[in-house]
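Peer 1: In case you want the letters, here they are:
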Amino acid sequence: QQPVQSPQAVILREGEDAVINCSSSKALYSVHWYRQKHGEAPVFLMILLKGGEQKGHDKISASFNEKKQQSSLYLTASQLSYSGTYFCGTGYSGGNKLVFGAGTILRVKS
Amino acid sequence: NAGVTQTPKFRVLKTGQSMTLLCAQDMNHEYMYWYRQDPGMGLRLIHYSVGEGTTAKGEVPDGYNVSRLKKQNFLLGLESAAPSQTSVYFCASSVRTGENTEAFFGQGTRLTVV
Chain A
172 QQPVQSPQAV ILREGEDAVI NCSSSKALYS VHWYRQKHGE APVFLMILLK
222 GGEQKGHDKI SASFNEKKQQ SSLYLTASQL SYSGTYFCGT GYSGGNKLVF
272 GAGTILRVKS
Chain B
738 NAGVTQTPKF RVLKTGQSMT LLCAQDMNHE YMYWYRQDPG MGLRLIHYSV
788 GEGTTAKGEV PDGYNVSRLK KQNFLLGLES AAPSQTSVYF CASSVRTGEN
838 TEAFFGQGTR LTVV
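Quick note, the sequences are listed as chains A and B, same order. The C-terminal position of the first sequence is numbered 281 in the numbering used here, with every residue numbered one higher than the one before it. The C-terminal position of the second sequence is numbered 851 in the numbering used here, with every residue numbered one higher than the one before it.
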């Protein structure tokens, strides 16, 4: 039931863009995105509900394709502070669980 | 505002020993969760609770028990620790269902079983 994230890891230079994908084999009701710095707790970025709504947070945005059961996180003009592990968490209709993917390690170099 | 507090932060156990991890939140949240984090496997849900006095199994519940006697506290117990339970444990809480509200995480407990 764990959602699948891709890629597993990505290395960028400052100013480059990146896309992280999250897909589920089950129908999704919502998708959460979190970022975790090394040795710290995950921190919330945004939630998307079914309906294909796209949200933004600074230069980080995300989309949710309900029919394809997929979500993508877009990081534009990456900064050093974007480095960390990104997790998508998925919620399912009628359920109370929040299940996370294995994470995508993002490293931004100067 | 403390948010979500986990104790202890570090612990080393011998195989077969028992222990309890405590999670406390001061945000009056209904929902609480316990996850374990292992390299390459992300955050895996162990148990969760949708309110005081209720608990439910997550994706990897074997070897763990939980209790939610008070709304603000969620306890995770290991009755007989095994090396496979070496991990970083995170507690989280949210206002209601995890489907449409953000989860707040504690700072984690690093547990080593030798």
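Don't read these hints as lab results, they were simulated from the structure. Glycine included, every Cβ here is placed at the ideal spot set by N, Cα and C. Be aware that a few hints might be false.
BS3-like mimics (lysine-lysine), calculated; alpha carbons at most 25 Å apart, straight line [claimed, not checked]: (1) A:LYS197 x A:LYS230; (2) A:LYS197 x B:LYS746; (3) A:LYS208 x B:LYS746.
Simulated restraints, written as ranges between beta carbons of each label pair [what the hints assert, rightly or not]: (4) A:ARG184 x B:GLY777: 22 to 32 Å; (5) A:GLN250 x B:GLY777: 18 to 28 Å; (6) B:SER821 x A:HIS209: 15 to 25 Å; (7) B:PRO798 x A:ALA198: 43 to 53 Å; (8) A:SER252 x B:ASP799: 14 to 24 Å; (9) A:LYS280 x B:SER817: 23 to 33 Å; (10) A:TYR245 x B:GLU789: 17 to 27 Å; (11) B:ASN802 x A:LYS280: 17 to 27 Å; (12) B:SER817 x A:ALA248: 26 to 36 Å; (13) A:ALA248 x B:LEU806: 40 to 50 Å; (14) B:THR849 x A:ASP229: 15 to 25 Å.
Peer 1: Would you mind marking each hint as holding or not holding in the structure?
Peer 2: Against the structure, the hints:
Of the supplied pair hints, the one linking LYS197 of chain A and LYS230 of chain A is violated, its CA atoms being roughly 29 Å apart against a limit of 25 Å. For the proposed pair LYS197 of chain A and LYS746 of chain B, the alpha carbon gap of about 35 Å is over 25 Å, so the pair is violated. A C-alpha spacing of about 17 Å is found between LYS208 of chain A and LYS746 of chain B, which places the hinted pair at or below 25 Å, so the restraint holds. Evaluation of the 22 to 32 Å hint for ARG184 of chain A and GLY777 of chain B yields a pass: the beta carbon distance comes to about 25 Å.
The supplied range of 18 to 28 Å is met by GLN250 of chain A and GLY777 of chain B, whose beta-carbon atoms lie about 26 Å from each other. Distance hint for SER821 of chain B and HIS209 of chain A: a CB-CB separation of about 24 Å, consistent with the stated range 15 to 25 Å. One distance hint, 43 to 53 Å for the beta-carbon pair PRO798 of chain B and ALA198 of chain A, is violated here, with the actual separation near 24 Å. The supplied range of 14 to 24 Å is broken by SER252 of chain A and ASP799 of chain B, whose beta-carbon atoms lie about 38 Å from each other.
Range check, LYS280 of chain A to SER817 of chain B: about 45 Å between beta-carbon atoms, so the 23 to 33 Å window is missed. In this structure the hint that TYR245 of chain A and GLU789 of chain B lie 17 to 27 Å apart at CB is violated, the actual value being about 40 Å. A beta carbon spacing of about 45 Å between ASN802 of chain B and LYS280 of chain A contradicts the range 17 to 27 Å that was offered as a hint. Take SER817 of chain B and ALA248 of chain A: their Cβ atoms lie about 51 Å apart, and the range 26 to 36 Å is violated.
Hint check: ALA248 of chain A to LEU806 of chain B, Cβ distance near 49 Å, so the stated range 40 to 50 Å holds. A hinted range of 15 to 25 Å for the beta carbons of THR849 of chain B and ASP229 of chain A is inconsistent with their spacing of about 37 Å.
In summary, the numbered hints that this structure violates are 1, 2, 7, 8, 9, 10, 11, 12 and 14.
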